[in-house]
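Peer 1: So you can see what is in the structure, the chains are spelled out below.
6 protein chains.
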Amino acid sequence: MRLHDMNWQAVEAYLERDDRIVIPIGSTEQHGYLSLGTDAILAERVAVEAAEPLGIPVLPVLPFGLAPYFTAFPGSLTLRIETFLNVVRDLLDTLEGQGFRRFAIVNGHGGNAPAQNLARDWVAQSRSHRVQVVFTSWYAAPKVAALAASHEADPTHGGWFENFPWTRLPDVAMPEGGKPVLSRGVVEQASPADIRELTPDGSFGGSYALPDDVMDEIWRTGVVEVRDLLSDGWAFS
Amino acid sequence: MRLHDMNWQAVEAYLERDDRIVIPIGSTEQHGYLSLGTDAILAERVAVEAAEPLGIPVLPVLPFGLAPYFTAFPGSLTLRIETFLNVVRDLLDTLEGQGFRRFAIVNGHGGNAPAQNLARDWVAQSRSHRVQVVFTSWYAAPKVAALAASHEADPTHGGWFENFPWTRLPDVAMPEGGKPVLSRGVVEQASPADIRELTPDGSFGGSYALPDDVMDEIWRTGVVEVRDLLSDGWAFS
Amino acid sequence: MRLHDMNWQAVEAYLERDDRIVIPIGSTEQHGYLSLGTDAILAERVAVEAAEPLGIPVLPVLPFGLAPYFTAFPGSLTLRIETFLNVVRDLLDTLEGQGFRRFAIVNGHGGNAPAQNLARDWVAQSRSHRVQVVFTSWYAAPKVAALAASHEADPTHGGWFENFPWTRLPDVAMPEGGKPVLSRGVVEQASPADIRELTPDGSFGGSYALPDDVMDEIWRTGVVEVRDLLSDGWAFS
Amino acid sequence: MRLHDMNWQAVEAYLERDDRIVIPIGSTEQHGYLSLGTDAILAERVAVEAAEPLGIPVLPVLPFGLAPYFTAFPGSLTLRIETFLNVVRDLLDTLEGQGFRRFAIVNGHGGNAPAQNLARDWVAQSRSHRVQVVFTSWYAAPKVAALAASHEADPTHGGWFENFPWTRLPDVAMPEGGKPVLSRGVVEQASPADIRELTPDGSFGGSYALPDDVMDEIWRTGVVEVRDLLSDGWAFS
Amino acid sequence: MRLHDMNWQAVEAYLERDDRIVIPIGSTEQHGYLSLGTDAILAERVAVEAAEPLGIPVLPVLPFGLAPYFTAFPGSLTLRIETFLNVVRDLLDTLEGQGFRRFAIVNGHGGNAPAQNLARDWVAQSRSHRVQVVFTSWYAAPKVAALAASHEADPTHGGWFENFPWTRLPDVAMPEGGKPVLSRGVVEQASPADIRELTPDGSFGGSYALPDDVMDEIWRTGVVEVRDLLSDGWAFS
Amino acid sequence: MRLHDMNWQAVEAYLERDDRIVIPIGSTEQHGYLSLGTDAILAERVAVEAAEPLGIPVLPVLPFGLAPYFTAFPGSLTLRIETFLNVVRDLLDTLEGQGFRRFAIVNGHGGNAPAQNLARDWVAQSRSHRVQVVFTSWYAAPKVAALAASHEADPTHGGWFENFPWTRLPDVAMPEGGKPVLSRGVVEQASPADIRELTPDGSFGGSYALPDDVMDEIWRTGVVEVRDLLSDGWAFS
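Chains as they are written, first to last, in the numbering used here: chain Z, 63 to 299; chain U, 63 to 299; chain P, 63 to 299; chain X, 63 to 299; chain E, 63 to 299; chain A, 63 to 299.
Each hint should be verified, as a subset may be incorrect.
As the list claims (entries may be wrong) - Here are the simulated DSSO-like cross-link-like pairs (lysine-lysine), alpha carbons at most 30 Å apart as the crow flies:
1. K205(X) x K241(X)
2. K241(U) x K205(P)
3. K241(Z) x K205(Z)
4. K241(X) x K205(Z)
5. K205(Z) x K205(X)
6. K205(A) x K205(E)
7. K241(E) x K205(A)
8. K241(E) x K241(A)
9. K241(P) x K241(U)
10. K241(U) x K205(U)
11. K241(P) x K205(U)
12. K241(X) x K241(Z)
Since the hints were made in silico from the structure, they are not lab data.
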């Protein structure tokens, strides 16, 4: 349930019966022909759909993440690493102070990985009660990743694997077919200017789109996989 | 236009004809019977409606702000001041790097005022081109504030002045009437625990609701006032 | 009583009967023809005079504040926001560790407003005893502000409202009369270079001086208003 | 070549013909029966052996990394994430100022992954010349990882895969055989106290040792794989 | 000349003929029977008297420094090291931006020594013009230190060497004679509570006072020594 | 005993009988003809030899320190002051959490002096048990310094006093004789570029080498002096 569809009284009532909460984190950055909000949209949506039947509150997505390499594509935003980690830490601290004990960070952007390191650091702090944080990049979880790979190897940034009805833009026509996949090693060393040269349209390659029924199956798999994590993914009880 | 309804190509095209952008900042915090997202919802919505006819892109709202005093109400979130200011600074820095030169921060939460100080600090940095930042707390702008005061003096946190169709919750009944207004001086010195005692339901007093046509007029006034700022509020040209 | 007119033994004795302390914060920045120290001088002086009959210790004024927009006027100083807030936080932390519980921040400079946000954040920290912070910008407190406005509307930076015998300089002749008041909206968007152009002499407009008896009344009003706050302004007891 | 086996004149001469440098980063933390310095020892050694025939200087290893989860095992050290990232940033900044342009971070500890994010952020800074950073966790590079997996699946922390003649301790006898491998998911949520319970001896499972010829082949493979990266791993030229 | 006795026009005129400025830094901390402001008072006064005939502006003293070990004596204040260094850095940055090039930090408190390290770091930044910073702890400069030692060996904190007419308090009688000098090694390891036990009155030992003519000679020597530094102490020209 | 020659079980056993630990801190920076690692090598070696017979663990040396003024000599590294202090703080925090209570920082580089201020700040934190930190710059301790001065006055950076068999490089011939000693006052104001001009070879003057038996005596004196500190230098027990 979206936290923004609750008032504080509802959260207080919830805390009497549960201590879980979901923190979706995304990014606002170029995704080829798709929405600049792709990673934020997907992270929030998968979190909300996964949490709904469990009744777990879902924070509004953090729409800004770590994407320094995309800054040459207008409309891409990035936080410095320290800023980003501090946002996540402040959210965890505030929520812990209110009685939340189990936190699921649902991530929509590969560059946000240090949030997991932050979470481990945060859990390692000395305290008198147990806290648990699960971190998942929903698109890289085992079932979704396997299913995606069964349709087309090596799903990339800005390609079909991020092309859902809720991330494509109404008046934008996707190119037909696809293009070769960029080398990950090259991308990882590239400056913002390099990346614009490497991919004039922003996509890292592969097909631009797969059929809707494929995407639908992937989405449903992702939702269930996050839901299973929220439900059964807590190592300690 | 919501940035998330654009792709980077659209932003690049926009930058060839304009250099303005809107940054809405809100908060997720108790608002009495209203949505925990009230300040974020209002800031983003007023920004989007104001910017729409002007074609100016609007960032996704920063849903977390400075609300340390509300942390005893579950579901309220707060960033530390440094974290909050760094988020705003990082957004300004990134956008400036892409050619944006005029920035409108549309604020939905009184506690976020230091963002304006940050903006003045940021503008004062040495650089070779001009940047301008206008900052408005939409609900405190002259026309909206005067109109509100004409209906009921001293509109407060969590009361009628924040009670719009898009901030109230479907299954939550508002109390009838109102209650006395809390002293601002007392609130400003209160700890989180104090505030829970001062206001058991979270509202700072006054009526809980005014008629829809009043709220509608206030809203339309606010939208126009922000739009005028986006259109004509730039001191230098 | 100035803390610098005390030794630690005197403070220790004081703490056995009281827990209040005054922290004046100012700025060193251009004030037109007046002293660069105007804001620091006034904040410290009003604090000392207000506190004297109450026997409350007054820290030495923090002479540096937030004034990035004035840096093109030589002799103006500014701290980065984080630095400034950390100074205030460190002072509060140290004093709290010694048993002080009620803190009055007496501010002499509009740009220092984020100190109040810091104070609210600081008060909101979890602790086992109560602390209270009152924050006042002495020149903007209700009685002083009303009295000033009754003499000339819209008192501004570097004008008559800051022109006291202890802020004017012995060998500097003030201009006769006054000049038009700068638009606040324009000033708030101005870079340091802009401000030098907008106001060649540094004043933001209005009369350069009012008669001594007017200023004397304003001063005495300000002292009493701060004293009342120190005496009766604590919300919780 | 170890930087500590050079004087500045030698580095200056080197910079006239090359612009590469190696930054090994490790950790000091429990490794079961093995040396607390295992990750630092391996990172530095593999870097030095790889770089030797290429004549590339190798910094002294950063012996402290991110290992908050191990702090309940005495002798384990950890830096806060910000501290760790700042060390890496400061080293890159200083070396860039001297003319180095291609940097290889050779990592020995899984928890140090955010150094790669820092590197991408650093590369993305605006500058007038090209810099490149390659980041490798030597033990996870494709060839070494495949070879290791061919001997025993799922090599873990503190087990055979880190047991080299230069990480075991002269007077410490390793246990015979092995033990079950801990679940990665459980470990990732564990607090320091949890980890001590999960693994009383510190190893995460699997065999404690493999034959020396196996380890020797793995080592030589790792050295060559890092060397190939130093030699041919630069995406831009 | 005190900066607070100038307006910006005077500083601008000064910068046309000179580029030196004095930054006195002190501390507010227990000094036995003497003023809590001793270090700030002495640093500012020696700076002002030294600079007067040279016409060099003197900033208002930074009244807060690094004195964590004195926090158990009420009225003692301390900044965290980062805060303190940032204040000094911000002042240098702002003044450099206005054309000042030669900075004299006149220090009154032993614990403030890291300001000198900060200054060296600051000077080492890459820039296109030369800046110079001289740092002096006036009481430890060669001539003053030798003269003091000729009167009584080992002058200490809170003893005769800080007892000037402007640091003693009107109604406080100093003890007769003196007491043994505390071991420096012990003091350096002492916690705040330890120091209160080691020195019940705050003085670190030796005589409480020397004759006025001795103190007068010391003072005049100190003023001249600082003046010589301001005049001739610049290594590069 | 080097911590890297121990596993965690050995440290745990040690903590049952002792609570001391040694933290050597060095620098990687130009030392004339000597190794870039001179300060790190000496700090670690003197610490290890001093601690060996006492059985106290010695951390791996922190090989990076504060040396901004040497950055124009390639291969010299420096951390920003905040980074450096945070590393030392993080190490102290982690070790304290494991039961260590007495910490000896053995320093090999003059520029690292702020680590002592950090240590005093750290000791002054409020806690329920006693911690002690001794800080020694081994080369400046009384006996070593006196012995050195008896051989040649004013031992300097990069000269004979740092020329040991373990800091000179096998294939580098030292110049014969010596050269005039640079003025300390000049060096302290010098930018990185200035220092390269002041000392084309990096040495600050004096003889380049003294006879081996002299250096051997100095070394043995240094080791014993550090050992005495580790053994008897704790002010409180």
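Peer 1: Determine for every hint whether it applies to the structure shown.
Peer 2: Against the structure, the hints come out as follows:
{"no.": "1", "hint": "K205(X) x K241(X)", "in the structure": "holds (26 Å)"}
{"no.": "2", "hint": "K241(U) x K205(P)", "in the structure": "holds (28 Å)"}
{"no.": "3", "hint": "K241(Z) x K205(Z)", "in the structure": "holds (26 Å)"}
{"no.": "4", "hint": "K241(X) x K205(Z)", "in the structure": "holds (28 Å)"}
{"no.": "5", "hint": "K205(Z) x K205(X)", "in the structure": "holds (26 Å)"}
{"no.": "6", "hint": "K205(A) x K205(E)", "in the structure": "holds (26 Å)"}
{"no.": "7", "hint": "K241(E) x K205(A)", "in the structure": "holds (28 Å)"}
{"no.": "8", "hint": "K241(E) x K241(A)", "in the structure": "violated (47 Å)"}
{"no.": "9", "hint": "K241(P) x K241(U)", "in the structure": "violated (47 Å)"}
{"no.": "10", "hint": "K241(U) x K205(U)", "in the structure": "holds (26 Å)"}
{"no.": "11", "hint": "K241(P) x K205(U)", "in the structure": "holds (28 Å)"}
{"no.": "12", "hint": "K241(X) x K241(Z)", "in the structure": "violated (47 Å)"}
Violated hints, in rising order: 8, 9 and 12; the structure is consistent with all others.
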